[in-house]
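One line per chain: the protein sequences are A and B, in this order. When we follow our numbering, the leftmost residue of the first sequence carries the number 1, and every step to the right adds one. When we follow our numbering, the leftmost residue of the second sequence carries the number 1, and every step to the right adds one.
It is possible that some hints are incorrect.
Unchecked claim - Here are the in silico distance ranges between beta carbons for each label pair:
#, chain 1, residue 1, chain 2, residue 2, range
1, B, Gly102, A, Ser65, 19 to 25 Å
2, B, Thr53, A, Asp79, 44 to 50 Å
3, B, Ser22, A, Lys68, 38 to 44 Å
Calculated directly from the structure, the hints in this document are not laboratory data. Since this is a predicted model, take the numbers as computed values, not measurements. Think of the CB as a built atom: it goes at the ideal place given N, C-alpha and C, for glycine as much as any other residue.
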Amino acid sequence: QQQVKQSPQSLIVQKGGISIINCAYENTAFDYFPWYQQFPGKGPALLIAIRPDVSEKKEGRFTISFNKSAKQFSLHIMDSQPGDSATYFCAASRAGANSKLTFGKGITLSVRP
Amino acid sequence: KAGVTQTPRYLIKTRGQQVTLSCSPISGHRSVSWYQQTPGQGLQFLFEYFSETQRNKGNFPGRFSGRQFSNSRSEMNVSTLELGDSALYLCASSPLSGGNTGELFFGEGSRLTVL
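In isolation and in its complexed conformation, chain A is listed as follows (with noise of 0.2 Å):
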């Protein structure tokens, strides 16, 4: 069972546009949502997170949208740049010492100059 889905599989964009980048999740005792970005060669590191107590957290170009009575989060990533070509993957994470931060298989976002 997948707790945490994305959509849509894979992305392309042209350069200045929005890419959106959809995940949904199904154990409702999460409470920390983060997206982390991947290069090829290179490990993923967080891009930007949310916890539930906020519908939406900005940083720069990159917006997540949370929407907790869907069980939706979503990424966007405004003005679309060639350098934002990497993978993408969301993740999910209830509270407690033992708790294991869950993630989606994965998008691959490509941005066309």
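Knowing the structure of chain A, use the given hints to seat chain B on it.
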């Protein structure tokens, strides 16, 4: 500050062999988590160690094991290798234990190929 260091970066093994991978976390980080990354399954959690104790374990067979030393360095071992074990094994460190306590800092991974 040095990042997470994983060794070896690449290795090739044959079926039935065993392999040991090493991870040195960021200085001061006491939690080390291991993930298996494959194209079809994404990032799958293997286990987490904090202060030399296994805190959590994913749904992998007993052939996958790990340990953490007093200096927070960690190793994972896979015995009786199977073709399906071919993957990128990622180590991540953080100051605190638990999945929702903040950022995981990943290494660049160890790429294992099983022939």
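Hint check:
no., hint, verdict
1, Gly102/B <-> Ser65/A: 19 to 25 Å, "holds, 21 Å"
2, Thr53/B <-> Asp79/A: 44 to 50 Å, "holds, 46 Å"
3, Ser22/B <-> Lys68/A: 38 to 44 Å, "holds, 40 Å"
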